[in-house]
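Asks: Mapping of the sequence shown onto this note's numbering: residues 1 to 203, in sequence order.
Quick caveat, the hints were computed from the structure, so don't treat them as lab data. It cannot be assumed that every hint is accurate.
Keeping only pairs whose Cα atoms sit at most 25 angstroms apart, straight-line, the calculated SDA-like set for lysine to any residue is [unchecked claim]: (1) Lys124 to Gly97; (2) Lys164 to Ser191; (3) Lys102 to Ala87; (4) Lys75 to Asn99; (5) Lys164 to Asp24; (6) Lys186 to Pro114; (7) Lys124 to Asn99; (8) Lys124 to Tyr153; (9) Lys102 to Gly26; (10) Lys75 to Pro114; (11) Lys102 to Gly47; (12) Lys124 to Leu85; (13) Lys186 to Lys75; (14) Lys102 to Arg58; (15) Lys164 to Tyr151; (16) Lys164 to Asp21; (17) Lys124 to Phe113; (18) Lys186 to Ala147; (19) Lys75 to Asp23; (20) Lys186 to Tyr165.
FRET-style restraints, in silico, Cβ to Cβ [said to hold, decoys possible]: (21) Asp118 to Leu155: 47 to 53 angstroms; (22) Arg58 to Arg14: 19 to 25 angstroms; (23) Gly110 to Arg187: 28 to 34 angstroms; (24) Arg127 to Arg168: 28 to 34 angstroms; (25) Arg168 to Ala98: 26 to 32 angstroms; (26) Gln138 to Ala161: 27 to 33 angstroms; (27) Arg127 to Ala98: 30 to 36 angstroms.
Glycine included, every Cβ here is placed at the ideal spot set by N, Cα and C.
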Amino acid sequence: MPSVQAIAEAIVAREGGFVNDPDDPGGATNFGVTIHTMRRLGLDLTGDGQVRVADVRRLRQAEAVRIFVEEYFRKPRIDWLPAPLQASVFDMSVNAGANGVKILQRLVTGMGFPCAVDGAIGPKTRRAVDAAFASAPQHLVDAYGIARRNYYYQLADRRAASRKYARRRDGGKGGWITRAEEFISKRYHLSDAQHRARVAAWG
1 MPSVQAIAEA IVAREGGFVN DPDDPGGATN FGVTIHTMRR LGLDLTGDGQ VRVADVRRLR
61 QAEAVRIFVE EYFRKPRIDW LPAPLQASVF DMSVNAGANG VKILQRLVTG MGFPCAVDGA
121 IGPKTRRAVD AAFASAPQHL VDAYGIARRN YYYQLADRRA ASRKYARRRD GGKGGWITRA
181 EEFISKRYHL SDAQHRARVA AWG
């Protein structure tokens with residue numbers, strides 16, 4: 001398994017640089033770190049007493065990696081999960097906050113290993129995930145990745161402004177879907193036709 005540092009560096013590379021998309025609820029973002037995260041951490045990089053878009057622009061790549069490792073891996077205790085799951089849950093937590101863990105909690109509860117769906121990894125979630133992984137060690141990582149992909153599609157079903165992240169302008173798979181499928185075995189990737197059928201109702 002790659003080190004947490006390597007995983008964080010890959011996430012930063014995947015996220016890219018500064019973006020301020022009005023359709024993105026995360027707001028101004030740089031290397032995947034949102035303005036909301038920077039405000040929560042008090043990262044006033046301009047020294048004017050407030051955290052604004054200018055501070056987001058000033059964020060350096062190395063600092064983004066540090067934030068991800070500390071705030072989205074160590075503090076949420078993703079290292080408590082079975083090693084094969086850590087990269088995907090970490091990546092999803094960066095992209096979707098506590099929903100990354102909630103998706104896993106719903107998945108293992110549905111498998112018969114109940115735990116609270118609260119987005120927090122505590123002893124009960126750890127035991128439930130360990131039991132689920134022991135019951136299906138060859139399948140749980142793929143099952144989680146598929147649940148991620150379903151989460152993105154369902155989010156876009158509900159919020160039209162988010163559809164551009166799940167479907168490209170030419171109708172192909174958008175960034176959200178290709179991102180989820182990076183953590184799914186190729187045999188479970190949707191074909192282009194399957195993807196188009198899934199999003200056909202969006203018009």
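Asks: Against which earlier hints does the structure fall short, listed by number upward?
Replies: Violated hints: 6, 8, 11, 13, 14, 19, 21, 23, 24, 26, 27; rest satisfied.
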